[in-house]
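Visitor: The lines below spell out each chain.
2 protein chains.
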Amino acid sequence: MSRRSNEAPRVRNAQRRHLLAGSAAALAAAGLGAFHKTAIAQAASAAAKPLPPYTAWKDPAAMIVHTSNTLETKRSAFGTSIITPVEQLYVRNNLPAPDAAIVADRDAWEMMIEGVKNPRKLTVRELRGMGLETVAMVLQCSGNGRGYFPSKPSGTPWQVGAAGCVMWSGVPVKAVVEALGGLADGAVFMTSTGGEKLPEGVDPKSVMVERSVPLKAMGDALLAWELNGAPIPLAHGGPLRIIVPGYSGVNNVKYIKRLAFTAQESDAAIQKTGYRLSAPGQKGDPGQPSIWEMGVKSWINSPAPEGGTVPAGMVQIKGVAFGGAHAVKAVEVSVDGGKTWKEARFVGPDLGRYAWRQFALAVQLPPGTHTIASRAIDAQGNRQPEERVENAGGYNNASWRDHALQVTVA
Amino acid sequence: MSRRSNEAPRVRNAQRRHLLAGSAAALAAAGLGAFHKTAIAQAASAAAKPLPPYTAWKDPAAMIVHTSNTLETKRSAFGTSIITPVEQLYVRNNLPAPDAAIVADRDAWEMMIEGVKNPRKLTVRELRGMGLETVAMVLQCSGNGRGYFPSKPSGTPWQVGAAGCVMWSGVPVKAVVEALGGLADGAVFMTSTGGEKLPEGVDPKSVMVERSVPLKAMGDALLAWELNGAPIPLAHGGPLRIIVPGYSGVNNVKYIKRLAFTAQESDAAIQKTGYRLSAPGQKGDPGQPSIWEMGVKSWINSPAPEGGTVPAGMVQIKGVAFGGAHAVKAVEVSVDGGKTWKEARFVGPDLGRYAWRQFALAVQLPPGTHTIASRAIDAQGNRQPEERVENAGGYNNASWRDHALQVTVA
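These protein sequence lines are chains W and B, in that order.
Using numbering that gives the first Met the number 0, read the first sequence as starting at 0 and increasing by one per residue.
Using numbering that gives the first Met the number 0, read the second sequence as starting at 0 and increasing by one per residue.
Be careful, since some hints might not be right.
Now the in silico label distances, taken between C-beta atoms and shown as ranges [to be verified]:
id, chain 1, residue 1, chain 2, residue 2, range
1, B, P52, W, A378, 23 to 31 Å
2, B, D335, W, E109, 49 to 57 Å
3, W, M313, B, D349, 53 to 61 Å
4, B, G336, W, N117, 31 to 39 Å
5, W, R382, B, A361, 41 to 49 Å
6, W, T122, B, E109, 53 to 61 Å
Derived by calculation from the structure, the hints in this document are not laboratory data.
Note that beta-carbon positions come from the ideal geometry of N, C-alpha and C, so glycine has one too.
Given these sequences and hints, build the entire structure.
Guide: Written as structure tokens, this is what we have:
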């Protein structure tokens, strides 16, 4: 049951009402493509799927349930407090979550550390004694924005809601490595293996969740047991998850049971051929770039995040902006489809280079329809791109044009 | 239902087990007074009270229910992610919360602004268009720490858990005042009135929640509609609450229905005679200081926050420190009851001057019993005091000695 049990039915109905009221014809005329019309048709025809049991504690009014492994945050649910509460945070599992028994005695969870001078098993209880760090970080699925590809690549058609900004707390990986005598020779990658139970009768390499990232990622990585001030829920990788700030979601391996410093990338399919940047029509290949560091991106969450009408007068255009691997430096907003831009201000505290910033710009919008967009620039001068980079997997879509909103002022 | 529905029974049992295992004799020998022995006796004899319905969404394992108006966070529940999640946040109401109908249509909530050149009513919908700011803030009840007064002043015997650090988002009060033509002449105080339904047959002044703070408090004050990224729950003052950063909890009036800039303090009892710093045995009087700005304070949350035993070896001593009205500058930890001190490090991002900082110090504790304590200093050089300041209401207890913990290392 969500916390707003006496509010949830009303909010859910309001959401459905807003979606139905969006003008499909207007959106089509604006060239926003097939996806939006499909979304509206779906909302009109089918009841929303219920939350899967292991996520029953989330706010149903805030979530779009694609499947039991893929839940998306509604664009209209994002607040302005920078940190995304866990009841709204997206879920993307590559395998079904393990049994809840693994969070019954969190301190007893054990993992193996290899590729160090003194390899050994460590429990969460032992890890807690070895250090502490807390980091605010954008967690984003590499497929966030895939829904805007007209080519409709296979995979969940996320729009903006496979992302959140959350606080992780745990022990720095480098503290653990130091305590175990330092790295063994030949370490080039940091390789993490998830503790999911694998389906029977299938080649383990084809399904296991094992990801490798460059060794430099160890610098800010954590073995985390806490998310937003409470033990990590099973749905988000509890009792232990490796957190690799600035790196795309899949690299933050859930229920980590093995951390190894390796000479090669993992040969698990999810690393070898999965999550690769391939040209359209190509298959994934170890020679292609792996989905690692995230890039600069922003989008607007208010007003009218599902399209629609706002009253005339002063409007606060609000959204989020981040740099991925680098701090975000600035963000601009356009209310005329990208012809002119104005710098928005950041709102609230700076939670560090891996977090997103909340931005706002007050505008007076005259009656009519406006295409509003945001584009960010990071501290290294990298600019959020106008167009998406076409790729077979529909990954890494940061296109400001794709993320623009149509707003009608009455 | 809390989010950890399959974990909650086990955690609740563990908590009760820990409390029963605390050695009452050891605590008495350490001179920690009557309160702890009472708490242990209560835990042993009575079942924990259930969460009142308007807080049913909170984590029962994290809360101590004193009454339906007073819920405290367990010391052991505080995480290290700086921001306190709402499922753990304390509740202290002076009157029963209004009917949940007021959060059914949040944007329609209306309040009156007076003491400005153009006084008028404003709805939450209108306020949203007028500006945006987000602030991280320590919310603390003035009675936090009252449980350590041996004199047992009347009022809830909070220990540390009538406090949290949370993100509020809303419109700056000064933006609203400016939009309404600026202050009228003669404004000396900012006075806020809560929208609770008052009990019949009682003088309204004797029960209404109306608080006045100095005008300077307007500078960083917000009319907030959002808490930690979601609409403020009814239990925490939704749909609208005035947030006065750095000021004690009672001044952050819930369900605010009137904001006035006044020449005098309110003559409601809660302002006139309530929440005053009175000498022991004295009644509250308008001539005494009102409970306004909070002062520098810190406490340790781990290890062994309910007393108890920890294994020998490296221990991370973890806690929170804040300056109240000013930023906290540093915090020290002692493991020998205050004879010697070592500076702890701050962990995680700095959320601004009104937030608390997470701190940690790694120590090797030899076998035996140790009194561990923390003491903070703020940016203006104000030091957390060793002793409490005796007062009739048991307010403002920041004594580092009172907040010390007994830890036994096996």
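Visitor: Each of the hints needs a verdict: does it hold here or not?
Guide: Verification of the hints:
no., hint, in the structure
1, B:P52 - W:A378: 23 to 31 Å, "violated (48 Å)"
2, B:D335 - W:E109: 49 to 57 Å, "violated (35 Å)"
3, W:M313 - B:D349: 53 to 61 Å, "violated (32 Å)"
4, B:G336 - W:N117: 31 to 39 Å, "holds (37 Å)"
5, W:R382 - B:A361: 41 to 49 Å, "holds (42 Å)"
6, W:T122 - B:E109: 53 to 61 Å, "holds (55 Å)"
This entry does not satisfy hints 1, 2 and 3, going by the numbered hints stated previously.
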